[in-house]
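2 protein chains.
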Amino acid sequence: MKMWQTLGIFTSVCAISEIIFQIYRYRLKRSSVRKKKNKTEVLFFPDKKVACINYFTSECENESCSFSHEENSLSKLFQFIHNAVKSVDVCVFVFTCTDLADLLIQAVGRGVSVRVITDCEQVDIPGSQIWRLRSQGIAVRTDNSSFYMHHKFVIIDNTRLLNGSFNWTRQAVTGNQENLLVTSDSQLVCLYKERFAKLWRQYKTKKDQ
Amino acid sequence: MKMWQTLGIFTSVCAISEIIFQIYRYRLKRSSVRKKKNKTEVLFFPDKKVACINYFTSECENESCSFSHEENSLSKLFQFIHNAVKSVDVCVFVFTCTDLADLLIQAVGRGVSVRVITDCEQVDIPGSQIWRLRSQGIAVRTDNSSFYMHHKFVIIDNTRLLNGSFNWTRQAVTGNQENLLVTSDSQLVCLYKERFAKLWRQYKTKKDQ
Numbered sequence: 001m002k003m004w005q006t007l008g009i010f011t012s013v014c015a016i017s018e019i020i021f022q023i024y025r026y027r028l029k030r031s032s033v034r035k036k037k038n039k040t041e042v043l044f045f046p047d048k049k050v051a052c053i054n055y056f057t058s059e060c061e062n063e064s065c066s067f068s069h070e071e072n073s074l075s076k077l078f079q080f081i082h083n084a085v086k087s088v089d090v091c092v093f094v095f096t097c098t099d100l101a102d103l104l105i106q107a108v109g110r111g112v113s114v115r116v117i118t119d120c121e122q123v124d125i126p127g128s129q130i131w132r133l134r135s136q137g138i139a140v141r142t143d144n145s146s147f148y149m150h151h152k153f154v155i156i157d158n159t160r161l162l163n164g165s166f167n168w169t170r171q172a173v174t175g176n177q178e179n180l181l182v183t184s185d186s187q188l189v190c191l192y193k194e195r196f197a198k199l200w201r202q203y204k205t206k207k208d209q
Numbered sequence: 001m002k003m004w005q006t007l008g009i010f011t012s013v014c015a016i017s018e019i020i021f022q023i024y025r026y027r028l029k030r031s032s033v034r035k036k037k038n039k040t041e042v043l044f045f046p047d048k049k050v051a052c053i054n055y056f057t058s059e060c061e062n063e064s065c066s067f068s069h070e071e072n073s074l075s076k077l078f079q080f081i082h083n084a085v086k087s088v089d090v091c092v093f094v095f096t097c098t099d100l101a102d103l104l105i106q107a108v109g110r111g112v113s114v115r116v117i118t119d120c121e122q123v124d125i126p127g128s129q130i131w132r133l134r135s136q137g138i139a140v141r142t143d144n145s146s147f148y149m150h151h152k153f154v155i156i157d158n159t160r161l162l163n164g165s166f167n168w169t170r171q172a173v174t175g176n177q178e179n180l181l182v183t184s185d186s187q188l189v190c191l192y193k194e195r196f197a198k199l200w201r202q203y204k205t206k207k208d209q
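Taken in sequence, the protein lines are chains A and B.
Each residue of the first sequence is one higher than the last, beginning at 1 in UniProt numbering.
Each residue of the second sequence is one higher than the last, beginning at 1 in UniProt numbering.
Please note that the accuracy of each hint is not assured.
The list that follows gives simulated cross-link-like pairs (lysine-lysine, DSS-like), each with its CA atoms no further than 25 Å apart [stated by the list, open to error]: (1) A:76 x B:48; (2) A:76 x A:86; (3) A:198 x B:76; (4) B:49 x A:198; (5) B:48 x A:193; (6) A:29 x B:39; (7) A:76 x A:39; (8) A:48 x B:76; (9) B:76 x A:193; (10) A:76 x B:198; (11) B:48 x B:76; (12) B:39 x B:29; (13) A:198 x B:198; (14) A:29 x A:49; (15) A:29 x A:39; (16) B:193 x B:76; (17) A:86 x A:193; (18) A:39 x B:29; (19) A:193 x A:204; (20) B:193 x B:206; (21) A:39 x B:39; (22) B:198 x A:193; (23) A:48 x B:39; (24) A:2 x A:86; (25) A:76 x A:48; (26) A:29 x B:29; (27) B:76 x B:39; (28) B:204 x B:193; (29) A:204 x B:48; (30) A:39 x A:86; (31) B:49 x A:39; (32) A:49 x B:198; (33) A:193 x A:207.
Everything labelled a hint here was simulated from the structure, so no lab data went into it.
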C-alpha cells in the first residue's frame, strides 16, 4: 500500500510540474511574440505623398493642407524622431530634407542631444541642410576623404536603430525604391552605436576641441 | 498528523516544480543566447584589403597572391554567397564588383537560382557586371524610371538577409564607410522577400515573358 502511495505522490508531482511547465512556456512564447512585434519593422519607400510634419508631430490646422495625413513610412520616421527624449545620432550620406532637419532642430529645443555625421562632399550641395543644422547649434562632423561616408542609419535614445538605403532627401521619400530596417535588438543597436562613436572620434577637427 | 503530511507533500510538489522551472528557464535562456549569436552580425566596411576569392571559397595556390587571406567583411560576404544552396536574390543599386559577379556565376553553376534587380541607369556604367551576368544566363530586371532603384540587399536561401548601404563595388569594399546588417530573423527576411517579389513582378518586361 505504501509503495502505491509513494508512486501516486510521485505521479502527482510530475503531472503538476508538467502543467506549470506548459503554462510558463506558453506565457513566455506569447511575451516573446509580443516583444518581437514591437521590435522590428521595415519602412519601405517611395511614399505616395510627403507626410504632413505638423499632423504627425502636433496638429495640422491648415484645412487645405496638401501633405498626407495618412500614416506612411515618412510619418513613422517623423514620429520616431519626434518621440526621442535623450539622443538622436544620425549618420547619413546626403541630407537635404527640410522636414527632417526641422525635426532635429525641434529635438534640440526639447533638450535632446543631436549629433550628425555626413559626407564632406555633400555638405555644400544644393539644398543641403548641414549649414542650417550647424547654425542651430547641432554638432555635425564629416569625413575628410575622397571616399564616401556612405552609411544611412540613425540611433534613437540609444535603444532603436533605423538602417538601410534611405538618404534624408525628398527624392528618397517619394521617388526612389528605398528601405529602412527598424530594430530595437540591443546587440545590433550596440554595434552601430560603437561604429558611430568610432567615426565621431575619427572625424574630430581642431574646431571641435 | 494527516494535515502535516498533506502540507509536506504540497511543499515538496512546489519545491520540485520550482527546481524544474529554474532548470527549464536556464536552458531556454542559454539556447536563446546561442540562437541570437548565430542570428545577427554587422559587416562594416572599408576592409583594409580585398579578400582573396579563391582562398575563401576553395583554395589559393598562388604563393605571391596579393589579396587578403585574413577574414574580413568581404570574405564573410563571399562565404555567405558561396554557401548558398537554393537561391540568391540580389537587389542592388550599383554592381561593378567582378568578384561578386564571379560568385553569382559559380552559384548558378551549382544549380542555385540567382536573380538580380538593379537600377536601369547603372546597367551601362563603366565596369558594370550586369551584361556579364546576363550573358551567363542570370535573370536581371531593372526599374524603368528616372528615380533610383536604390535598395542594397540580398536574400540567401530565403533564410538570411544582408541589408545596408553597401553597393557591390570595389570602392565600397576598400574605400567607403559602409555597412551590411546580417540577420536570419524570419519576420525581417519575409518582409524583404515580399518586397523583392513585388519589384520582380513590377519590373517584368515583354522579353521576360
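Checked hints:
1. A:76 x B:48: Distance of about 37 Å is beyond 25 Å: violated.
2. A:76 x A:86: 18 Å, holds
3. A:198 x B:76: 22 Å, holds
4. B:49 x A:198: 20 Å, holds
5. B:48 x A:193: OK: residue 48 (chain B) and residue 193 (chain A) at ~22 Å, within 25 Å.
6. A:29 x B:39: 18 Å, holds
7. A:76 x A:39: 14 Å, holds
8. A:48 x B:76: Judged against 25 Å, a Cα distance of about 37 Å means the pair is violated.
9. B:76 x A:193: 22 Å, holds
10. A:76 x B:198: 22 Å, holds
11. B:48 x B:76: Holds - the C-alpha atoms of residue 76 (chain B) and residue 48 (chain B) are around 14 Å apart, at most 25 Å.
12. B:39 x B:29: 15 Å, holds
13. A:198 x B:198: At roughly 38 Å apart (the allowed maximum being 25 Å), residue 198 (chain B) and residue 198 (chain A) break the hint.
14. A:29 x A:49: 39 Å, violated
15. A:29 x A:39: 15 Å, holds
16. B:193 x B:76: Holds, because 22 Å separates the two Cα atoms, which is no more than 25 Å.
17. A:86 x A:193: 14 Å, holds
18. A:39 x B:29: Cα-Cα ~18 Å, so holds.
19. A:193 x A:204: 17 Å, holds
20. B:193 x B:206: 23 Å, holds
21. A:39 x B:39: 15 Å, holds
22. B:198 x A:193: 33 Å, violated
23. A:48 x B:39: Violated, because 34 Å separates the two Cα atoms, which is more than 25 Å.
24. A:2 x A:86: The hint is violated at about 66 Å.
25. A:76 x A:48: Since the Cα atoms of residue 76 (chain A) and residue 48 (chain A) sit roughly 14 Å apart, the hinted pair holds (cutoff 25 Å).
26. A:29 x B:29: Distance of about 13 Å is within 25 Å: holds.
27. B:76 x B:39: Given that 25 Å is the threshold and the Cα spacing comes to 14 Å, the pair holds.
28. B:204 x B:193: It holds: about 17 Å lies between the C-alpha atoms, which stays within 25 Å.
29. A:204 x B:48: Within the cut-off at roughly 22 Å; holds.
30. A:39 x A:86: 19 Å, holds
31. B:49 x A:39: Cα-Cα ~36 Å, so violated.
32. A:49 x B:198: Between residue 49 (chain A) and residue 198 (chain B) the Cα gap is close to 20 Å, so the pair holds against 25 Å.
33. A:193 x A:207: This hinted pair holds, its Cα atoms lying about 23 Å apart.
The structure does not agree with the numbered hints 1, 8, 13, 14, 22, 23, 24, 31 stated previously, though it agrees with the rest.
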